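Novice: Chains as they are written, first to last, in my numbering: chain A, 1 to 508; chain B, 1 to 495.
Source of the hints: derived by calculation from the structure; they are not laboratory data. Predicted, not measured: the structure shown is a model, and the values here were computed from it. Cβ coordinates follow ideal geometry from the N, Cα and C atoms, glycine included. Take the hints with a grain of salt, since some may be wrong.
Said to hold, decoys possible - A short, non-exhaustive set of chain B residues, derived as facing chain A with CB atoms under 8 Å:
(1) Ser104
(2) Ser212
(3) Thr243
(4) Lys282
As the list claims (entries may be wrong) - Computed from the model, here is a short list of chain A residues facing chain B with C-beta under 10 Å:
(5) Ala53
(6) Val58
(7) Ala61
(8) Val68
(9) Val69
(10) Arg96
(11) Asn98
(12) Tyr232
(13) Ile277
(14) Gln279
(15) Phe306
(16) Asp310
For reference, the chains in residue letters:
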Amino acid sequence: MLDLTFTAPQPKVISGAKAEWELVIGLEVHAQVASNAKLFSGASTTFGAEPNANVAFVDAAMPGMLPVVNEFCVAQAVRTGLGLKAQINLRSAFDRKNYFYPDLPQGYQISQLYHPIVGEGEVIVDMGPGPDGKTIARLVRIERIHLEQDAGKSIHDMDPNMSFVDLNRTGVALMEIVSRPDIRGPEEAAAYVAKLRQILRYLGTCDGNMQNGNLRADVNVSVCKPGQYEKYQATQDFSHLGTRCEIKNMNSLRFIQAAIDYEARRQIAILEDGGSIVQETRLYDPDKGETRSMRSKEEAHDYRYFPDPDLLPLEIEQAWVDDIAATMPELPDARKARYMGDFGLTDYDASVLTAEKENAVFFEAVAGGRDGKTAANWVINELFGRLNKESLTIAESPVSAAQLGGVLDLIGSGEISGKMAKDLFEILWTEGGTPAEIAAARGMKQVTDTGAIEAAVDAIIAANPAQVEKARANAKLAGWFTGQVLKATGGKANPAVVNEMVARKLGL
Amino acid sequence: MTALNQLTIAEARDALRKGDTTSLALTEACLAAIEGAGALNAFVHHTPEIAREQAKAADARLAAGDAPAMCGIPLGIKDLFCTKGVPSQAASNILKGFRPEYESTVTSQLFGAGAVMLGKLNMDEFAMGSSNESSCYGNAVNPWRRGNDTAELTPGGSSGGSAAAVAADLCLAATGTDTGGSIRQPAAFTGIVGIKPTYGRVSRWGIVAFASSLDQAGPMTKTVRDAAIMLGAMAGPDAKDSTCSDLPVPDFEAALTGDIRGKKIGIPREYRMDGMPAEIEKLWSDGAAMLKDAGAEIVDISLPHTKYALPAYYVVAPAEASSNLARYDGVRYGHRAKLGQGDGITEMYEKTRAEGFGKEVQRRVMVGTYVLSAGFYDAYYNRARKVRALIKRDFELAFEAGIDSILTPATPSSAFGLGEMADADPVAMYLNDVFTVTVNLAGLPGIAVPTGLDGRGLPLGLQLIGRPWEEGDLLNHAYVLERATGFVSKPAKWW
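Throw the hints in and build the complete structure from the sequences for me.
Specialist: Right, dumping it as structure tokens:
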């Protein structure tokens, strides 16, 4: 079974002008539920449709229209909860969060403030390899996950006098995944989001596309003196921690790190200057690399949350949850452990191969019935290297798993050398085809016929008596003969066979 | 012979099935009556073309022998119902010009059963009011008058147009909605029958929302039998409304056996208000006596939390309304204020809503916003929810003790004069709902039945409250009361 060791998150310490400070970070990740229809309507969720093409009457808040919850979205939230080892609440409820904005047609967002569908869970965050090569893993606790509606989009730059509204996104289901303030540094925050994204993609509950905004994070940052966090942990009393600011709508791992770093230093500078932090919402400006105030607490909305009277409490049955649990896919940590155990891969290689589910599936198709380590080397070094170079995804790879497997089979049987295999891979990449047929058609066949090799070895030895003397004195120089033989045979001789024969003939 | 527009649904149904008349003839009679009743201001949108077309289609169905009970029956539809392609404004300026692209479930079921729409009926704006005076169309007028006094009276509210239209025989029946008494109070003020079904019996889809946890649609009819027939056509499961029950709809008309022997009818002592007019007192005790004569057992009961119902209602209903009405922002449909130079989105909201909403709606939106706001939520909204649970419990205990229905007055008075309450404290107007709001808070079915006239010749009604989902039984009790009182009075035509 899984043998994961992890530690508590480690505080990042920033030295201010006067003192040392620690960071405390909590994240609210908004993940768009992978679903064809919206949370409370049958309208499509397809990205990139014409403005206002995917809008049902209820999405546009037409008079008298009523929401009906989409069962599939609920199932996706439950699946996500199970994937994060979280408590599933068989009874949850929807609340209205009231505020006015043109891209919020109802004048309220339907969310789950008081009774979320998922309770406490956890994420084991990978922080990369430690000095011993083993991945450093840290545990971040999840406080809750709730379902809510996304808002639409207001467009202010199309006309000097008017704003435009696109409701395609209005009512699309989001999962808000709220962490405990367990995260202690910018790198941990980014790694947490990356791991969450990886798990959601494995689960198929969110496509994790951060560029399209399908996964975005609100980051709460505060700073405190060393020792304060431990007091908070002991008492759960937030007053031991500093006042936090919330950086809204971050959709890049790099920006998350940069924003946290900037924000922490901004707060430290204020505190060391004798000032105090104002609890507020801030925006990160990636061009200037700084955070800016969006609105302060005084201007903050009073959302007037109350239970949505159009929706009955959401009651689900344990048997239904069990059915979902029975169809859970293998998750990244389990898969990685299996690769290390079954294929003998290193921690690093297993991490790389399991980072994306599609990559792992590809790797397993290549490795099936073959040597796992060789398969891993080829997938990681040749294939991923080439894909990266050409900015292609695994789905766009010109070389299929079956083709790469064919190459590995030719290597395994000794029919082609490693050098030939690389040439063959290049041909497959640019021209396609079946590896065995290409190798045959292009004479890519390494000579293992010992008679032919022996003749070549004998000829080289006979022609180079001086080199023979040197090699007998220093065995390391025998490689020169091997090189000459390979050259003479046009690279087709099996190097292992040549080596062995040279050594024997030279009496080494 | 009775004029066609004066028929009840049951009479018209039987006549249509026998071929004694046609839906088109009924419809024309109603259209003519509407034409001559402008003074009542009951119909605010007229749809004669739709009516004639539906009537012809109904006649074809009747001829083919495929005719549900409501087939060919001309109805008025409260303006709160969204009717496809027909103005549906909830009597508010903020929905000026709004024609929905969809048909409410209730009207869709009625028209599917062959009913005919004569037009849309006046009401209080967003169903907020008890006198129909908050309508953007001006008030509807009660066809009843105090004897020879020509002062115009309210038909009640919010379904005032529906009540006036049915009482004046402008249609055979009408749809109403009831959030705190909006079917039962106007029914009582105009001498007709109105039932608010159990919450969840009738779909709310396509009905402009006032307070979602309280709103229910129901029929407003000339007789109890008609209420049973029409409710059957309006009710039923609807996948588009999560709060609508999956329970099948029984044959309500078949429940009208007239036999209530052995039934226990509760008289709640908390409904005997200080200063209650003697004639209401008498009406109530006469009603109880009649039910007793019919073989029922009259039992004094207690519903101890009744006195908290009105304040709880006037917290819960505005709270929900403040949120439900947030969508009327001028962005997508209805009224949008003309903006000045430099006005932004905030000014657009403020001006649009200030111009589009009348005073009573504004008052309730503000009250609702206040009771939900941070710092006041627990003191008002949460406390009101707790009170609501206690009121519901009061009724449950009574029913558990074997009570079959509860008899109360429907209103604290007969219809009052239009404008009489104009300068009164709004709370005085809210007192109209004192006997009816408990029923909405508890989600129970309640029916108002006309049982007599007051000293000035105005109708008075009694209310029967039933067990949840037992509208059939409740209608049967009402049927007995209706037969026993023999109420047949009609307003003298002055319009």
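Novice: With reference to the structure, classify each hint as holding or not holding.
Specialist: To see whether the hints hold, each was checked on the structure:
no.: 1; hint: Ser104; result: holds (6 Å)
no.: 2; hint: Ser212; result: holds (4 Å)
no.: 3; hint: Thr243; result: holds (6 Å)
no.: 4; hint: Lys282; result: violated (39 Å)
no.: 5; hint: Ala53; result: violated (15 Å)
no.: 6; hint: Val58; result: holds (9 Å)
no.: 7; hint: Ala61; result: holds (4 Å)
no.: 8; hint: Val68; result: holds (5 Å)
no.: 9; hint: Val69; result: holds (7 Å)
no.: 10; hint: Arg96; result: holds (5 Å)
no.: 11; hint: Asn98; result: holds (5 Å)
no.: 12; hint: Tyr232; result: violated (25 Å)
no.: 13; hint: Ile277; result: violated (22 Å)
no.: 14; hint: Gln279; result: violated (15 Å)
no.: 15; hint: Phe306; result: holds (6 Å)
no.: 16; hint: Asp310; result: holds (5 Å)
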